[in-house]
Amino acid sequence: MNNYLEEQKPTPIPFVEIRNVYKAFPTQPNAQSVPAVQDVSLLIPHQEEGDFVAFLGPSGCGKSTLLQMISGLLPPDKGEVYALGKEVAGPDAQSVTVQQAYTCFPWLSVLGNVEFGLKVHGASGVERRKIATEYLQKVGLGDRLDANPRQLSGGMQQRVAIARTLAMRLPIVLMDEPFGALDAQTRADMQEMLLSLWQAENNLVVFVTHDISEALLLANRIIVFSSRPARIVYDMQVPFERPRPQSLLYDSQFLKLSQVLVGLLKHSETAFTNSTAKSGN
Numbered sequence: 001m002n003n004y005l006e007e008q009k010p011t012p013i014p015f016v017e018i019r020n021v022y023k024a025f026p027t028q029p030n031a032q033s034v035p036a037v038q039d040v041s042l043l044i045p046h047q048e049e050g051d052f053v054a055f056l057g058p059s060g061c062g063k064s065t066l067l068q069m070i071s072g073l074l075p076p077d078k079g080e081v082y083a084l085g086k087e088v089a090g091p092d093a094q095s096v097t098v099q100q101a102y103t104c105f106p107w108l109s110v111l112g113n114v115e116f117g118l119k120v121h122g123a124s125g126v127e128r129r130k131i132a133t134e135y136l137q138k139v140g141l142g143d144r145l146d147a148n149p150r151q152l153s154g155g156m157q158q159r160v161a162i163a164r165t166l167a168m169r170l171p172i173v174l175m176d177e178p179f180g181a182l183d184a185q186t187r188a189d190m191q192e193m194l195l196s197l198w199q200a201e202n203n204l205v206v207f208v209t210h211d212i213s214e215a216l217l218l219a220n221r222i223i224v225f226s227s228r229p230a231r232i233v234y235d236m237q238v239p240f241e242r243p244r245p246q247s248l249l250y251d252s253q254f255l256k257l258s259q260v261l262v263g264l265l266k267h268s269e270t271a272f273t274n275s276t277a278k279s280g281n
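1 is the number of the first residue of the sequence shown in this note's numbering; add one for each residue after it.
Keep in mind the hints are simulated off the structure, nothing from the lab.
Treat the hints with caution; some may be incorrect.
Claimed, not checked - Heads up, simulated EDC-like pairs for lysine to aspartate or glutamate below, C-alpha to C-alpha not over 20 Å straight-line:
1) Lys86 <-> Glu17
2) Lys138 <-> Asp211
3) Lys138 <-> Glu127
Claimed, not checked - Label-pair ranges, simulated between beta-carbon atoms:
4) Pro45 <-> Phe25: 40 to 46 Å
5) Ser59 <-> Ser33: 16 to 22 Å
6) Gln32 <-> Ser247: 46 to 52 Å
7) Thr11 <-> Lys130: 19 to 25 Å
8) Gln47 <-> Leu145: 29 to 35 Å
Everything numeric in this text was worked out from a predicted model, so none of it was measured.
All C-beta atoms in this analysis are idealised placements derived from N, C-alpha and C, irrespective of residue type, glycine included.
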């Protein structure tokens, strides 16, 4: 009996839990609000090795709105969002977000940009410089510490943003189409770099994208959303082992799963169009 009790372990607190979330926005002052997210519930359990979950859906479907509710930047109109067991009521120290737009501070050096988040979290000057330098080396910018962000390409600026984010070593990292504005080769390089960094961190990454190949290449799990308002239409466990080279894009099973996801997105778009037509909108 004692051995049995000793072997019992407490159930790990989920990374993220979303319960019946609804969010709408007014299109004009005093006009009726238009739903962006409709009755979404989702559980992302805790994993010792971390997890990588992709939110996949058409552009403008509401998946970024859901990401902002996880971060605390937007409150839900109905329902609750929990991060590590705590209800999200505003931005806190549990998560950090990487945006698609370049978010470097132009008045700070590359090193200063990465140190900024660490300073906010109370790290000393010596500690900030050490950690920031380490992560800039990891993203291939160890020789650009004193550069101004305006001297960098778009891909390099996103490397700075990712270094700044990961350097804070928070348990939840939210990424809102961070590679959407990059050319194909830079995007592939950034995907490979992100996977390498994530596998060393053991945290949760929630990654918003409308790119099917990107979702399959990066994620352990893909949550597929309908057209606006966002509803979950499919929850896929990605079967490919890691590491995942870019050559996986041409694998026969990868291509088959891509077609499955294309069909799901197309079906959700058709269903949305038909329902809109029937409602007279």
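Do the hints match the structure? See the list:
1. Lys86 <-> Glu17: holds, 9 Å
2. Lys138 <-> Asp211: violated, 26 Å
3. Lys138 <-> Glu127: holds, 17 Å
4. Pro45 <-> Phe25: 40 to 46 Å: This hint is violated: roughly 31 Å between Cβ atoms.
5. Ser59 <-> Ser33: 16 to 22 Å: For Ser33 against Ser59, whose Cβ atoms are near 21 Å apart, the range 16 to 22 Å holds.
6. Gln32 <-> Ser247: 46 to 52 Å: holds, 50 Å
7. Thr11 <-> Lys130: 19 to 25 Å: violated, 36 Å
8. Gln47 <-> Leu145: 29 to 35 Å: holds, 34 Å
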